[in-house]
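Protein chains in written order, with numbering that gives the first Met the number 0: chain A, 0 to 215; chain B, 0 to 215.
Heads up, a few of these hints could be off.
Claimed, not checked - Pairs of lysine-lysine residues, derived as DSSO-like cross-links and limited to a Cα-Cα distance of at most 30 Å, are as follows: (1) B/Lys-59 to B/Lys-215; (2) A/Lys-169 to B/Lys-49; (3) A/Lys-198 to B/Lys-184; (4) A/Lys-49 to A/Lys-169; (5) B/Lys-198 to A/Lys-198; (6) B/Lys-169 to A/Lys-169; (7) A/Lys-184 to B/Lys-213; (8) A/Lys-198 to B/Lys-213; (9) A/Lys-109 to A/Lys-49; (10) B/Lys-184 to B/Lys-104; (11) A/Lys-29 to A/Lys-49; (12) A/Lys-135 to A/Lys-169; (13) B/Lys-49 to A/Lys-49; (14) B/Lys-213 to B/Lys-104; (15) A/Lys-215 to A/Lys-157; (16) B/Lys-215 to B/Lys-198; (17) B/Lys-198 to A/Lys-169; (18) A/Lys-213 to A/Lys-157; (19) B/Lys-184 to B/Lys-213; (20) A/Lys-215 to A/Lys-169.
Unchecked claim - Facing chain B, a subset of chain A residues (Cβ under 10 Å, in silico): (21) Cys-124; (22) Glu-127; (23) Lys-150.
Rather than coming from a laboratory, the hints here were simulated on the basis of the structure. These numbers were taken from a predicted model, which means no experiment stands behind them. Note that CB positions come from ideal geometry on N, CA and C, so glycine has one too.
Residue strings, one per chain:
Number of protein chains: 2
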Amino acid sequence: METKKVEVIQDIHAENERIAREINADYNRKGIFAVNVMGCPGAGKTSVLKQIIARLPGVKTYVIEGDIESDLDTRTMQALGIETVQINTGGACHLDSPMIAGALKNIELKEPGILFIENIGNLVCPAEFEIGEHIKLLISSVTEGCDKPYKYPLAFEKADIIILNKSDLKPYVDFDDAFFSSGVKGLNPGVPVFEVSSKTGQGFDAVVNWLEEKRK
Amino acid sequence: METKKVEVIQDIHAENERIAREINADYNRKGIFAVNVMGCPGAGKTSVLKQIIARLPGVKTYVIEGDIESDLDTRTMQALGIETVQINTGGACHLDSPMIAGALKNIELKEPGILFIENIGNLVCPAEFEIGEHIKLLISSVTEGCDKPYKYPLAFEKADIIILNKSDLKPYVDFDDAFFSSGVKGLNPGVPVFEVSSKTGQGFDAVVNWLEEKRK
């Protein structure tokens, strides 16, 4: 049974990557820069996106919201006038590229710009699946604790940019910056880490500058 | 390919449940009450266990620590003199009953008591797998936000007890108690919810009373 399991999983991964490459090629034709936004439940993915998008007034932005159930975040985004499409995975713990291909039928990427894809809140599984993105943006938060890179290494290893959110709560939690940094550096030397507060907006100008530079 | 995938997953679930039943029967023979501790990364699973175990001085307690990598939490527990064994899943996003069966070879449950099993930090996958436990204890925290029951329903639906942690941070975050409670009640009416702070210890006496009553 074990062999059969491995074979099937390999099939799924190969098919997923093939579709991811097609999606990525389509983004490139259309001038879309796609960002896979990952983080655990409550890291602040939606709030971070709101802060980033508010700082990109001259840029066309699109959002795909991935959730197991509910459309709470999609309604938040749409209320702000952001073109958003919902994926409900109905139990699945991560987005994959066939889901993205399906969602892209419901959103017309007419103008060049940035597509933010909010993955399922999960610090494990999403990091294993390419979904056609150009970069992976990982959101961690100070309230989760400074040991996360050691316990969930793959997400930190694969990130192109790390956002450390909820800096406004730092005075009230025990967060060892040096331990966190050392964990990140051991897995992914050179990855930029931006400390922000999605509540106050602090730190987001630097994030947006980095993104704008990256998509050039 | 889809059919094959479903077949294999059904095989895995059936085998998992068969082993879970064997493990549970063994616990019953030995007078062990097993608690499957679930919650997302940084919900405070280890800190909650420390607070609970400190309030059970007359009870023999054991811990199985599930992590993808690292033995940080095991070392924390062992430093407190708690008999603890580590499972490293090497990437897997949840514990399953074969992993527990393996870990039980490395811990002798000599005296009756309580075995706490700290699952992988993940609000999605662990809820799908029985691991031989008597109850599922779900830890959520106010810093994760009040919308978690709506977004990650299975874990809330399956929980026998819910702990809402980090109450000391409530003054600094926007947490709508009524929205959270309404989400929980919609999924799992009657489940007890205990608000606690693993930092100050507030609220844990009631949790321990509930546990002691439950295992009678």
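Evaluated hints:
no. : hint                   : verdict
1   : B/Lys-59 to B/Lys-215  : holds, 15 Å
2   : A/Lys-169 to B/Lys-49  : holds, 23 Å
3   : A/Lys-198 to B/Lys-184 : holds, 29 Å
4   : A/Lys-49 to A/Lys-169  : holds, 21 Å
5   : B/Lys-198 to A/Lys-198 : holds, 23 Å
6   : B/Lys-169 to A/Lys-169 : holds, 14 Å
7   : A/Lys-184 to B/Lys-213 : violated, 45 Å
8   : A/Lys-198 to B/Lys-213 : violated, 40 Å
9   : A/Lys-109 to A/Lys-49  : holds, 21 Å
10  : B/Lys-184 to B/Lys-104 : violated, 39 Å
11  : A/Lys-29 to A/Lys-49   : holds, 23 Å
12  : A/Lys-135 to A/Lys-169 : holds, 25 Å
13  : B/Lys-49 to A/Lys-49   : violated, 37 Å
14  : B/Lys-213 to B/Lys-104 : holds, 27 Å
15  : A/Lys-215 to A/Lys-157 : holds, 21 Å
16  : B/Lys-215 to B/Lys-198 : holds, 29 Å
17  : B/Lys-198 to A/Lys-169 : holds, 14 Å
18  : A/Lys-213 to A/Lys-157 : holds, 16 Å
19  : B/Lys-184 to B/Lys-213 : holds, 20 Å
20  : A/Lys-215 to A/Lys-169 : violated, 34 Å
21  : Cys-124                : holds, 5 Å
22  : Glu-127                : holds, 8 Å
23  : Lys-150                : holds, 5 Å
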